Amino acid sequence: LALSLVFSSLYIIWQGIDGVYRAAGPTGTWLIASVYLELSIPFMLVFVMEYAGQRRHLRIAAAGLFLAALVALLFGNSRAAWVAVGFSSFLYIVLRFRRQNRRRLAVLVLLLVLAAGLLASQPHLLSRFYSITDRNYQNNTERVLMWRSAWQMFLDHPLLGVGTGNYSSQYRNRYIQPEARERTQTHAHNNYLQYLAEM
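Just so we're aligned: the sequence shown equals residues -11 to 187 in this note's numbering.
It is worth saying that the hints were derived from the structure and are not from the lab. A couple of the hints might just be wrong.
Computed Cβ-Cβ distance ranges for the label pairs, DEER-style [stated by the list, open to error]:
id, residue 1, residue 2, range
1, Leu147, Arg44, 50 to 56 Å
2, Leu(-2), Val71, 20 to 26 Å
3, Val71, Gln110, 17 to 23 Å
4, Leu98, Leu143, 43 to 49 Å
Because the structure is a prediction, the values reported are computed rather than measured. Built from N, CA and C at the ideal position, the CB exists for glycine as well.
I would like the entire structure built from these sequences, with the hints used as guidance.
The following block contains the structure:
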């Protein structure tokens, strides 16, 4: 996992520095790269805090890898991944540090402050971050419409769904909301609703 995360993170960071808006790393797809980081970063956080404690060199390497993965996550430009990692990390920290020492918390906060500093130093990342809660942002409005459509697919086909890989055609031909502007969506932009709609 560490080798995979090192390679992916460095590749994504390299693409981001090179100006790629949604860095995809070796996966070729920004969505897959974002989901990979969503899963890997909380795991690395737990590894750093729980298992690497006895070996200082291992803890330092894991903390560096955690930081590199956070930077890669920023360059992936996936707001959903930012929210998911932020929420899961916050929840873990709250649960963990109710019973553990504060020195490790200080190190973790320092790492998060460094990641926030990178976010603040990149104007396009910062504006993307602020757009998460903007109700007037077209992408947010469109997602709500896609979620409604996916939910309606589930309600119409609660046992088997519309079939794996059929979301796109069903969305376009039958379930698209009248207000929708983006008519060729291939994914509901919510994995749970996508699974409910298709399967």
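Each hint, compared with the structure:
1. Leu147 - Arg44: 50 to 56 Å: Given about 54 Å between the Cβ atoms, the range holds.
2. Leu(-2) - Val71: 20 to 26 Å: holds, 24 Å
3. Val71 - Gln110: 17 to 23 Å: Holds: the Cβ-Cβ distance is about 18 Å, inside 17 to 23 Å.
4. Leu98 - Leu143: 43 to 49 Å: This hint holds: roughly 47 Å between Cβ atoms.
Consistency note: the structure conflicts with none of the earlier hints.
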